[in-house]
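A.B. asks: Okay, here's what each chain looks like letter by letter:
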Amino acid sequence: MAIQLLFDQFHRYSDQPEDGVVIPVSLVSGGLLVTTHAAVDTGASVCLFSQETALMLGLDLERGVPKLLGTLAGPLEAFGHEVTLEALSLTVQSVVYFARYPGLSRNLLGRQGWLRKLRLGLVDYESLVYLSRYDS
Amino acid sequence: MQSVAHPHTEVQVLLTEEANPDQAGEVWRAVVLQMPHLKAEGESREQALSAIKDLLSQSVRHAEVITLALANGGDTEETLVNAAPAENMFEGKFAPSINPPDPTPSAQWLREHSTEFAGQYVALDGDRLIAHSANAAEVVAAVRSTGLRAVFFTLIPPADALPFAGF
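Protein sequence lines, in the order shown, are assigned to chains Y and Z. In terms of this note's numbering, the first sequence opens at residue 1 and continues consecutively. In terms of this note's numbering, the second sequence opens at residue 1001 and continues consecutively.
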C-alpha cells in the first residue's frame, strides 16, 4: 500500500555528514530576535538551545522553568522559556529550553514545542527536509 | 480600593472593589501591575484572586513569578501561587510570522568564513560581521552597543570538533 504525504515546503541542508540536519531557526523574546542554526532531532524530547542563545535573547535564564534532561553524557540542567520560534516559515509559540551552562555545541529542535506541531519528511540522500503544519 | 504592594515580592496586584453597573452589589477587580493586560474580576475578593491566578498560569513567562502580595485594610497578606504553566504552552501553538530576516546571506558568510572564525561565536547582520569572539558575552555586549534588535548568532565549531553523536 502506497502512502502519500503532502508538504508545503522543503529545505536543502548541508550535505556534509558531520553537520547533521541543520536548519535556520529564529527565536523572539522581549522584542529581540535571534536567528541561529539548530539540528532537527527526532530523538530529542524537547527543543534545546545554548546558554549563549539565551544570553543574546536577553533572557533571565534561571527564572525559567527548571528541567533536568537526560543525555548520553549524563544529566543536563536547562530552563524553559516561552518564546516564539520560526523555522522554515512555520511559527510556533512554545516553551523551549536553554542549557544552564555555556558550551552547548548544538541547538536541537525536538518533539515537544516543535516537531509535534509538524508533518516532517526527510530524504537525507538528497539533503532535503520537507515540512508542513500537521493540520494543513 | 486596595492597593497591593510588597517590597520582597515579584508580582504586585491591585485589587479594587467597585459598584457593578450591571448588577446590584459590588465587583472585585484584580490587575497585575507589572502586566496590566492581565485583568480579572469576581464577585468576591477570593474569586478575583482565583481568576488572576488562572491567568498567571496560562503562560510560562507569567509563571516565572510565583508570589502574589495582597494588602487588605492595611494588613499585608502573602499568597503563594502555584502558577504552573498551562500544559498547552509546552506543546506550543501556531503563531503569526515573526518575519525574520532572510538567513541566506548569513549562511553564505558562514560558508566563506568558517575556517577563519572556527571556535568563535559570531554575530551577523545579513552578511555583515558585527562581532566575533570565543567569549559569547563579548559578542552579546557588542551587539547591544549597536542597538540591533535582530541578529544571526551562532558558534562556529572548532576545526577539530568531533562528529556529533547526540548529547
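These are calculated hints, taken from the structure and not from any lab test. Mixed in with the good hints there might be a few duds.
Said to hold, decoys possible - Chain Y is nowhere near these chain Z residues, computed Cβ spacing over 12 Å in every case:
no. : residue
1   : 1019
2   : 1102
3   : 1117
4   : 1135
Claimed, not checked - If you anchor each label on the Cβ, the simulated ranges turn out as follows:
no. : chain 1 : residue 1 : chain 2 : residue 2 : range
5   : Z       : 1160      : Y       : 63        : 49 to 57 Å
6   : Y       : 43        : Z       : 1114      : 21 to 29 Å
7   : Z       : 1020      : Y       : 89        : 26 to 34 Å
8   : Z       : 1149      : Y       : 4         : 41 to 49 Å
9   : Y       : 7         : Z       : 1091      : 28 to 36 Å
10  : Z       : 1115      : Y       : 124       : 20 to 28 Å
11  : Y       : 4         : Z       : 1162      : 38 to 46 Å
12  : Y       : 19        : Z       : 1093      : 26 to 34 Å
13  : Y       : 136       : Z       : 1146      : 51 to 59 Å
14  : Y       : 102       : Z       : 1162      : 38 to 46 Å
Note that the structure is predicted; figures quoted are calculated from it, not measured. The beta carbon of each residue, even a glycine, is placed where N, CA and C say it ideally should be.
A.B. asks: Need the list of violated hint numbers for this structure, in ascending order.
C.D. replies: As far as the earlier hints go, 2, 4, 5, 7, 9, 13, 14 are violated by this structure, in ascending order.
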